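The sequence shown finishes on residue 231 if you use our numbering, and the numbering steps up by one all the way, no holes.
Source of the hints: derived by calculation from the structure; they are not laboratory data.
Hints should not be assumed to be uniformly reliable.
[Claimed, not checked] When the alpha-carbon atoms are kept at most 27 Å apart in a straight line, the in silico DSS-like pairs for lysine-lysine are as follows:
{"#": "1", "residue 1": "K119", "residue 2": "K20"}
{"#": "2", "residue 1": "K20", "residue 2": "K73"}
{"#": "3", "residue 1": "K29", "residue 2": "K2"}
{"#": "4", "residue 1": "K37", "residue 2": "K20"}
{"#": "5", "residue 1": "K27", "residue 2": "K37"}
{"#": "6", "residue 1": "K155", "residue 2": "K119"}
In this text, all values refer to a predicted model and were calculated from it rather than measured experimentally.
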Amino acid sequence: MKTIGLIGGMSWESTVVYYKALNTFTKEKLGGLHSAKVLINSIDFAELEVLQRTGEWDKSADMLLDCAQSLQKAGADFILIGTNTMHKVAPQVASDISIPLLHIADATAQRLIKDGVTKVGLLGTAYTMEQDFYKGRLKEEFGLEVIVPNGVQRKLAHDVIYNELCLGKINQRSKQDYVEIINDLQEQGAEAVILGCTEITLLVSNEDTRVPLYDTTAIHAEAAVELALAD
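Let the hints inform the model, and build the full structure from the sequences given.
Next comes the structure, spelled out in structure tokens:
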């Protein structure tokens, strides 16, 4: 079994979900008392959030690269960045380590294609929904058509993530708002919706919507376990 290196803390709420998922999938694959081999380097999210908000992405890339290199030195066989948004700097991180980086958008796209989805809605932080590092990758490398909520909805979704979910707050009004946004994406032709922020899974699930939801945290974790157990 390979050792998974997880860069966490973005936020720690979703890192808890990652750790549980990695071990759950490992147990499902191997049975018995098996659990995942995981090294976690968890950052102080408050420091990173300031860099995000002020657009200092090079500094945030350096922060994550330090984490990745420390995990590599500690014995990790490959790296996960435990967040969708910070895959904006994944190319910089991947270029300066000698072990693979398992990209969350790639794992998600592969699952969508396997399920026959061609047009998908994307929910996440404003950075993920509005910038091209994520949806551009889905379009250019996997041929997916990606739609995002309107400006008002994007702001609402973003604010709920940072002001509620990252703080462990689950608000029923916010859940209703998210379901309405998801329903609107479906009405625009989305065959499925990507929960493109690792905290969103704390708020909504497939039981809440008519359209299939793709939980990127679970998909990323399962892909990591498959890689860890591969020959």
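Hints broken by the structure, by number, lowest first?
1
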